[in-house]
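> Take a look at the letters that make up each chain.
Number of protein chains: 2
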Amino acid sequence: MTTQLEEARQGRLTEAMNAVAVSEHVSPDLVLEQVASGRAVIPLNPAHTKAEPVIVGTAFRTKINANIGRSPDKSSEGEELVKMNIAIDAGADFVMDLSVGDDIIGIRRSIIDNCPVPVGTVPLYEAYNRAGGKGENLTEELFLDVIRDQAREGVDFMTIHAGLLAEHVDMAVKRLMGIVSRGGAIMAKWMSSGGRQNPFYTQWDSIMEICREHDVTVSLGDGLRPGCLADASDAAQFAELDVLGDLVKRCRDHGVQVMVEGPGHVPFNEIQMNMEKQSDICDGAPFYVLGPVVTDIAPGYDHITSCIGATAAAYYGAALLCYVTPAEHLGLPTNEEVHAGVVAYKIAAHAADVAKGLPGAREQDDEISRARANFDWDRQFELALDGKMARERYELTRVQDACDDDQKYCSMCGKDFCAVRNSQDIVESQND
Amino acid sequence: MTTQLEEARQGRLTEAMNAVAVSEHVSPDLVLEQVASGRAVIPLNPAHTKAEPVIVGTAFRTKINANIGRSPDKSSEGEELVKMNIAIDAGADFVMDLSVGDDIIGIRRSIIDNCPVPVGTVPLYEAYNRAGGKGENLTEELFLDVIRDQAREGVDFMTIHAGLLAEHVDMAVKRLMGIVSRGGAIMAKWMSSGGRQNPFYTQWDSIMEICREHDVTVSLGDGLRPGCLADASDAAQFAELDVLGDLVKRCRDHGVQVMVEGPGHVPFNEIQMNMEKQSDICDGAPFYVLGPVVTDIAPGYDHITSCIGATAAAYYGAALLCYVTPAEHLGLPTNEEVHAGVVAYKIAAHAADVAKGLPGAREQDDEISRARANFDWDRQFELALDGKMARERYELTRVQDACDDDQKYCSMCGKDFCAVRNSQDIVESQND
Numbered sequence: 037m038t039t040q041l042e043e044a045r046q047g048r049l050t051e052a053m054n055a056v057a058v059s060e061h062v063s064p065d066l067v068l069e070q071v072a073s074g075r076a077v078i079p080l081n082p083a084h085t086k087a088e089p090v091i092v093g094t095a096f097r098t099k100i101n102a103n104i105g106r107s108p109d110k111s112s113e114g115e116e117l118v119k120m121n122i123a124i125d126a127g128a129d130f131v132m133d134l135s136v137g138d139d140i141i142g143i144r145r146s147i148i149d150n151c152p153v154p155v156g157t158v159p160l161y162e163a164y165n166r167a168g169g170k171g172e173n174l175t176e177e178l179f180l181d182v183i184r185d186q187a188r189e190g191v192d193f194m195t196i197h198a199g200l201l202a203e204h205v206d207m208a209v210k211r212l213m214g215i216v217s218r219g220g221a222i223m224a225k226w227m228s229s230g231g232r233q234n235p236f237y238t239q240w241d242s243i244m245e246i247c248r249e250h251d252v253t254v255s256l257g258d259g260l261r262p263g264c265l266a267d268a269s270d271a272a273q274f275a276e277l278d279v280l281g282d283l284v285k286r287c288r289d290h291g292v293q294v295m296v297e298g299p300g301h302v303p304f305n306e307i308q309m310n311m312e313k314q315s316d317i318c319d320g321a322p323f324y325v326l327g328p329v330v331t332d333i334a335p336g337y338d339h340i341t342s343c344i345g346a347t348a349a350a351y352y353g354a355a356l357l358c359y360v361t362p363a364e365h366l367g368l369p370t371n372e373e374v375h376a377g378v379v380a381y382k383i384a385a386h387a388a389d390v391a392k393g394l395p396g397a398r399e400q401d402d403e404i405s406r407a408r409a410n411f412d413w414d415r416q417f418e419l420a421l422d423g424k425m426a427r428e429r430y431e432l433t434r435v436q437d438a439c440d441d442d443q444k445y446c447s448m449c450g451k452d453f454c455a456v457r458n459s460q461d462i463v464e465s466q467n468d
Numbered sequence: 037m038t039t040q041l042e043e044a045r046q047g048r049l050t051e052a053m054n055a056v057a058v059s060e061h062v063s064p065d066l067v068l069e070q071v072a073s074g075r076a077v078i079p080l081n082p083a084h085t086k087a088e089p090v091i092v093g094t095a096f097r098t099k100i101n102a103n104i105g106r107s108p109d110k111s112s113e114g115e116e117l118v119k120m121n122i123a124i125d126a127g128a129d130f131v132m133d134l135s136v137g138d139d140i141i142g143i144r145r146s147i148i149d150n151c152p153v154p155v156g157t158v159p160l161y162e163a164y165n166r167a168g169g170k171g172e173n174l175t176e177e178l179f180l181d182v183i184r185d186q187a188r189e190g191v192d193f194m195t196i197h198a199g200l201l202a203e204h205v206d207m208a209v210k211r212l213m214g215i216v217s218r219g220g221a222i223m224a225k226w227m228s229s230g231g232r233q234n235p236f237y238t239q240w241d242s243i244m245e246i247c248r249e250h251d252v253t254v255s256l257g258d259g260l261r262p263g264c265l266a267d268a269s270d271a272a273q274f275a276e277l278d279v280l281g282d283l284v285k286r287c288r289d290h291g292v293q294v295m296v297e298g299p300g301h302v303p304f305n306e307i308q309m310n311m312e313k314q315s316d317i318c319d320g321a322p323f324y325v326l327g328p329v330v331t332d333i334a335p336g337y338d339h340i341t342s343c344i345g346a347t348a349a350a351y352y353g354a355a356l357l358c359y360v361t362p363a364e365h366l367g368l369p370t371n372e373e374v375h376a377g378v379v380a381y382k383i384a385a386h387a388a389d390v391a392k393g394l395p396g397a398r399e400q401d402d403e404i405s406r407a408r409a410n411f412d413w414d415r416q417f418e419l420a421l422d423g424k425m426a427r428e429r430y431e432l433t434r435v436q437d438a439c440d441d442d443q444k445y446c447s448m449c450g451k452d453f454c455a456v457r458n459s460q461d462i463v464e465s466q467n468d
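Those protein sequence lines, which keep their order, are chains E and Z. Sequence positions in the first sequence follow our numbering and run 37 to 468. Sequence positions in the second sequence follow our numbering and run 37 to 468.
Possibly wrong hints are sitting among the right ones.
It does not matter which identical chain is used: a pair holds within one copy or between any two.
Said to hold, decoys possible - Quick list of in silico lysine to aspartate or glutamate cross-link-like pairs, EDC-like style, CA-CA up to 20 Å:
| no. | residue 1 | residue 2 |
| --- | --- | --- |
| 1 | K285 | E245 |
| 2 | K444 | E428 |
| 3 | K170 | D139 |
| 4 | K210 | E464 |
| 5 | K285 | E249 |
| 6 | K313 | D278 |
| 7 | K444 | D414 |
| 8 | K444 | D412 |
| 9 | K392 | E306 |
| 10 | K210 | E399 |
| 11 | K451 | D138 |
| 12 | K392 | D402 |
In short, the hints are calculated from the structure, not lab data. Note that the structure is a prediction, hence the values are computed from the model and not measured.
Only chain E is shown next, with the shape it has when bound in the complex:
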């Protein structure tokens, strides 16, 4: 079989390309051109039969990913399936199963079987698990086995930490926060303890064969993403980025779709530079960023600190935003926190699409504003990102006034002080 990238290069419009052209309201030609150039990817493993295709690239709607998955100490298959559904209902375009610990194979299979959106994984986690949690048991063969097994099962995209090389470890561990990527830290420990090179890097051609065979999209992991503002945009981060740039070329040489993961924690003023640098070094490959968090001081609110950064990131060139929940830095997210994270990121993605002037993006804003101006609350809640919540909130302090037009104001200002009402009175009196 061939990949979406190879098909696009041949000028062949696949079913998936047609489908995303429809869902994005764009011409199939644009899809074809963007996929062929590598500026967009359609992560879709044919074995994941339940998934609908989704395109990732700056020419299209900004996408969001929700990470779910158990930790060794918390949660289970059933609980993670619930989170998956919450994330998708709230609007997640992708889901990554980041389970670690026991039974990760079972959880992943169950997620793939049930998930209508493309699913990503970090194969290193399963490899570590299969190695009995012992670094010394990890081998290059084991890594390849896991990638192959997961590709056969239908994983649509895989984070592969191939850019963090042995020569980067020293500078990384000296940072204020050191290495904050789970996969990156395991990889660094493995290289450091055995005097070895990164096995994904050394086995890159073999990985390419598997990914090409199953059209698994590679998501180049950023094992050295900064974990605090002090470490942002530092030598370690950019040393890894240079390697990722080379790996993008090698993916494309193999006909494999590729996107690149990025920070992390970045001060607001460095986001534009980071996006432009990535695009430059990685030849326009879609950038998949985690946040970034724009201040370290607000644990418990990192869906907010990071969706500020995510809006700027998407505006300046990121194509896929990985959500951050309020639980970040503190624990495994609850169902409510998964929902809160997805909503915050839908806001960021949409705000960026509007700012970029993506055709059609602002229609929803204008329509909801029209409903608001008309006091058409039902229509407003229908159009709202989270209409159920908005309606409940409105009802909470709604003024009930049985003898009057009680829909035509809310409890914030009351009837006499409602600006929209007063503004409309002027128009009406002019028309009299």
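Given the structure of chain E, go ahead and fit chain Z onto it with the hints provided.
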């Protein structure tokens, strides 16, 4: 008596200027120079004896304001005092009492008596109330009486809607959302129904006398701020802004401190332009923005949609951010929503200060990251913006492991997969 502005022009360092130099960790000379030039204001009415001075200007820490106050249909004096304390505890630098309806005089007096931060009001609301809620009873004299009375009582800054002129009304009411400023809409209705000009504008010199006498800082209201993305940066908004620019000059001619209010709803890509235009037209007077909201589609989450915009606004030149709560567009905020709004805005203000490179701003980020790297949870929560909430969240899913060092990871990744822990293992093994 003279105002802070007049004192600064004379090169006299007041007690308030000295106090803000200490709290801002800057030289008194910087304060003197910024106040004298009008690029910063210290809203502090000597009659408000309980208030500590706070400086507003881009050379200083970005400040935030929390709006409280009852609506005709909801809340009371006691409830609003609770909200005031919640806002201040969460870090609000200013509080505005936007009460409308009955008993607004009693509520305001109580707030001023109890409020340790400077207090702002919108005198038009009291005038409307004293006019028995009837526009036809509003007179120029009544407006002046209210301003004088509030100035004597100790109001530190007043929003005065003097820039929305009779000639602007037609273009404003034709917008998608029309006029969304409470004061602006009342003023427009009054002008429109009586064929009158804006009374604040016509009585400007008299207002100046009162404000100079009591050193009340004028906050030039933006009655035509856009209420949706479609109305942003339009002719109505900028027509009013031109008038505000003239009024800034007239304030300064009278020795009156002045800041300028701004939008509202603005797409992310237009924020920089808006900030630069305001600074240009208003000769660097401090800009006091409401959000701005960067998308209209998320009622119930407008603390988030707007703190994205507020971060960008502060980065590009706003000095004071008016918070928006999750209740915006839906109702009067509850206590929890006041808290959520202030926290979101503390994040925005701080993220912008870090991005601007304000001296010392990033120390808190680095220190909390150091605590995080050291698994010093107590210290982390001590430094956190909302440490109480962060601690509760951590405890919620904390892994209790009696026989181990259970502080040195959290439930997100568990012990073996904790990146920070693994990263530190590398350093330790290198040191062995």
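> Now tell me, hint by hint, if it's right for this structure.
Going down the list of hints, with the structure as the test:
| no. | hint | result |
| --- | --- | --- |
| 1 | K285 / E245 | within (15 Å within a copy, 70 Å between copies) |
| 2 | K444 / E428 | within (17 Å within a copy, 40 Å between copies) |
| 3 | K170 / D139 | within (17 Å within a copy, 70 Å between copies) |
| 4 | K210 / E464 | between (68 Å within a copy, 11 Å between copies) |
| 5 | K285 / E249 | within (18 Å within a copy, 70 Å between copies) |
| 6 | K313 / D278 | within (10 Å within a copy, 39 Å between copies) |
| 7 | K444 / D414 | within (12 Å within a copy, 49 Å between copies) |
| 8 | K444 / D412 | within (9 Å within a copy, 52 Å between copies) |
| 9 | K392 / E306 | both (19 Å within a copy, 10 Å between copies) |
| 10 | K210 / E399 | between (48 Å within a copy, 19 Å between copies) |
| 11 | K451 / D138 | between (59 Å within a copy, 13 Å between copies) |
| 12 | K392 / D402 | within (16 Å within a copy, 33 Å between copies) |
Comparing the model with each numbered hint stated earlier shows that all of them hold.
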